[in-house]
Amino acid sequence: MKFLISRFNPETDSKPYMQAFEVEVTRGMMLRDALLDVKRQDESFAFRHSCGEGVCGSDGVNVNGVNKLACVTPVSELKEPVEVRPFPGRPIIRDLVVDMTQFYQQYKAVKPWLVREDPMPEQEILQSPEDRDKLDGLYECILCGCCSTSCPSFWWNPEKFHGPQALLTAWRFLADSRDQATDERLDELEGPYKLFRCHTIMNCVEVCPKGLNPTQAIGHIKNLMLKNAV
Amino acid sequence: MSRKASGLKAWAIQRLTAIYVGLFTLYLVAVLLFSAPEGYEAWKAWIGGPPVSVALLLFVVSVLMHAWIGVRDVLIDYVHPIAIRATLLGLIALSLIAMGLWAAQALILVRLA
Amino acid sequence: MALNKRRFDALIIGAGGAGLNAATQLANTDARVAVVSKVFPTRSHTVAAQGGVNAALANVLPDNWHWHMFDTVKGSDYLGDQDAIEFMCREAIPTVYELEHNGVPFSRLDNGKIYQRAFGGQSQDFGGAQAARTCAAADRTGHAILHTLYQQNVRARTHFFDEYFAIDLIKDDEGAILGALIMEIETGEPLLIEAKATVLATGGCGQVYRTTSNAHINTGDGNAMALRAGIPMMDMEFYQFHPTGIAGRGMLITEGVRGEGGYLVNKDGERFMERYAPNAKDLASRDVVSRAIVTEVKEGRGCGPDGDHVLLKVDHLGEEIVSKRLPGIRESGKIFAGVDAAQEPLPVFPTAHYIMGGIPTDPYGRVIVPEGTGEEIVPGLYAAGECACVSVHGANRLGGNSLLDILVFGRAAGLDVLENLKENKNHRPMNETSVEAAMSRLTRWDQTGDGISVRELRDEFRKTMEDHAGVFRTEEIMAEGVEKLKALRDKLPDVRLSDQSKVFNTARVEALELENLFDTGIAIAYSALMRKESRGAHSRPDYPDRNDAEWMKHSLYFREGDRMDYKPVRTKPLTVETFPPKERVY
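Chains as they are written, first to last, in numbering that gives the first Met the number 0: chain A, 0 to 229; chain B, 0 to 112; chain C, 0 to 585.
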């Protein structure tokens with residue numbers, strides 16, 4: 000199978016270029032396996048990867064124009080030649096490795112931790128199974144970045160728009176019956192940029208390898224804001 | 000518009016105006032299809048009637064606000080140099096206001112006539 | 000070129016559950032803490048833990064920490080230190096509550112309490128009926144915990160060095176640890192971190208084997224750094240093969256699947272665990288189930304065209320239970336085995352999973368080494384998590400006890416570092432000789448010319464480990480393995496990197512990891528060869544029985560001269576009576 004891989008080494012290249020590799024496909028081969036094969040052919044090829052089972056979120060790449068997690072993408076589903084590029088809109092460090100600093104900053108900016116004003120009970124804070132169910136589809140995010148780096152609004156304003164990942168996380172805490180900082184969280188999200196750059200383009204939903212729906216989460220935040228404002 | 004209000008309020012206004020513009024457009028289409036006024040005088044009388052003229056004025060204001068928020072969003076997305084963005088926003092605001100005044104003038108003239 | 004230096008009170012190497020829980024304790028104080036991780040913290044392999052964390056909360060069935068302690072001692076095949084095990088089982092309860100308070104989205108019972116499921120090796124009343132002790136967030140407990148711990152550190156503004164690779168520990172002539180030399184992966188630049196206390200929390204080393212549930216990053220870095228600093232590795236022969244990895248791929252199917260009612264069948268459709276463990280059946284201890292599967296396959300009762308695996312049946316539980324309690328494994332099964340667990344059984348085979356052994360520590364995370372007839376603490380050095388050996392898992396770890404281990408001892412290490420900092424106000428003087436030695440480990444890879452490639456030697460090494468230090472171990476197989484491994488080790492100096500670039504050179508990182516794999520893997524193979532009995536995960540057909548008279552002792556492997564030493568098991572708990580060794584049946 001033919002792979003076209005984006006290559007860039009800042010020490011020798013002035014701009015990225017595509018390099019062709021031939022990979023022998025085996026049964027059940029994932030894109031990560033193919034990239035590892037490329038690395039066997041050329042040890043100077045760099046990409047991030049670790050767990051190989053879609054939970055660590057290291058190996059997000061752009062494949063034939065769509066952001067995917069390489070380790071859970073069967074090569075049999077891909078159209079040949081397979082074009083593999085780094086995430087769009089992020090500064091390239093080398094080959095498929097991009098600088099995700101702004102993505103992480105946006106995550107940190109939504110105060111992604113549980114805030115509790117009441118004194119802690121001796122045992123667990125009680126939560127009904129129904130309330131716990133509200134976190135399903137939110138807490139499973141693996142911070143791979145597929146969503147935010149496929150979001151045009153994040154491309155245009157990565158320093159000010161939180162992006163789908165961070166907003167999903169924001170809603171994960173707003174939706175948690177144990178969290179007691181709803182007003183502060185909503186106030187923080189006000190203004191034209193942090194939340195309201197989302198134009199429901201829904202690329203994030205298309206690409207999420209965990210099947211999560213950041214657009215819906217963003218909608219929930221807007222509705223809650225509206226409800227609290229009137 | 001205060002900085003704090005320009006997120007949620009803008010978003011809410013855009014949706015509210017969209018609903019109104021949509022409903023009023025439906026009403027307009029219905030009128031044109033089923034009971035369109037015949038002749039200039041009939042038109043003037045229809046538009047000059049208080050309910051229609053107020054609704055129409057509201058429609059114009061809604062369209063302009065909707066347009067303002069939409070265009071502002073596009074400029075926030077794509078035009079980052081602050082001087083250029085401010086200039087464009089100013090020009091657009093002026094032209095929207097001008098359109099609004101023109102529409103208001105037309106409505107007043109119809110009422111006076 | 001001058002070497003860049005940074006000074007901190009404490010340095011934590013590794014940002015998985017152990018490292019982050021240690022950091023959490025320190026981040027809320029005035030101490031200046033650096034956390035160094037070769038990947039962004041939420042990429043650490045804690046993220047992949049599925050089933051849960053054990054604590055005797057008694058939310059579902061009656062339970063108490065003393066029963067938990069009994070099960071852990073028994074599960075360890077009486078090689079675990081009973082003082083450390085008592086400490087862990089008592090601490091488990093407040094530890095889980097603390098996690099919940101910090102935001103972990105545990106699954107819930109109807110009364111709002113944390114959901115607990117049954118796991119292998121758990122009993123009520125010292126070996127009675129099955130207990131339900133494993134607190135779970137669906138089958139993504141590790142993910143939920145790791146993300147929460149990272150979030151707590153973001154809140155506390157912990158200083159992270161993300162994507163920095165630790166090269167080696169720096170030590171002075173008295174053996175005290177002064178910090179570590181690290182390398183920024185993005186630039187390839189070395190950086191010296193001076194610290195009054197250094198915590199090794201680098202996790203596992205499953206990459207020494209060819210088929211493993213472990214991530215690419217689990218290369219035994221901390222173990223190898225400690226070995227090179229002259230510290231022995233304890234009980235390295237005890238490597239756990241998880242019974243249910245996806246056949247041929249190694250990804251894990253949590254024991255929670257069997258806890259929820261899943262069971263194993265061979266090609267005749269026989270529920271074979273009933274023969275090997277009449278009482279506990281599919282929830283027998285992991286070593287027992289792994290050996291049973293390998294035996295079934297070896298004796299020709301394996302499934303599939305090559306008869307090389309067995310099947311894990313879940314489909315009888317019904318769509319609702321599978322999608323509610325086991326959504327992650329259903330997803331993994333679909334992706335990696337092409338099987339929907341709610342409809343069809345999953346093909347499984349044991350996969351290299353967890354090392355019980357590691358850097359010897361006391362229950363406060365302090366690294367201890369033999370000195371004269373006793374032991375002494377290595378000043379300034381701590382270890383916690385899978386890279387450490389307290390020892391709470393002994394010869395075999397129970398499911399749900401590893402998340403517990405990293406949390407309890409990560410926390411204990413963090414708290415002890417705080418105490419330590421109160422007494423040690425100043426940094427010790429730097430030892431330039433040690434820094435140069437560490438630098439030479441880095442500069443060695445600047446050599447160019449013809450040589451063996453990292454990939455070639457790594458492949459050969461991992462295959463040898465799998466063939467000669469795997470599930471079944473005979474003298475002949477292992478002795479041959481150790482010789483082969485030593486021969487491969489002799490080739491290490493001939494390995495060359497063709498890629499000499501600086502920026503994000505992953506080939507250089509893999510070369511450094513290869514050296515770590517060698518140091519750690521040989522410790523495993525050598526310790527295994529020397530232990531002439533079967534105990535827990537260490538199963539020898541030529542010595543089929545446990546031999547408490549001669550072998551109820553911890554092994555210590557020293558890198559220098561591949562030397563072995565032994566020390567007694569600590570059988571005296573902190574407050575309760577000793578659990579004397581008994582035959583281990585399930």
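Treat the hints loosely; a few may be bogus.
[Stated by the list, open to error] Computed far set for chain A versus chain C, every beta-carbon distance over 10 angstroms:
hint, residue
1, ILE92
2, ASP94
3, ARG115
4, TYR192
5, ILE200
6, LYS226
[What the hints assert, rightly or not] Derived list of chain A stretches under chain B, where covered just means 3 residues or more per stretch with a C-beta under 8 angstroms from a C-beta of chain B:
hint, segment
7, 152-164
8, 179-191
9, 212-225
Since the hints were made in silico from the structure, they are not lab data. Backbone N, C-alpha and C define an ideal beta-carbon position, used for all residues, glycine too.
| Among the hints numbered above, which are violated by the structure, and what are their numbers in rising order? | Violated hints: 1, 2 and 3; rest satisfied.
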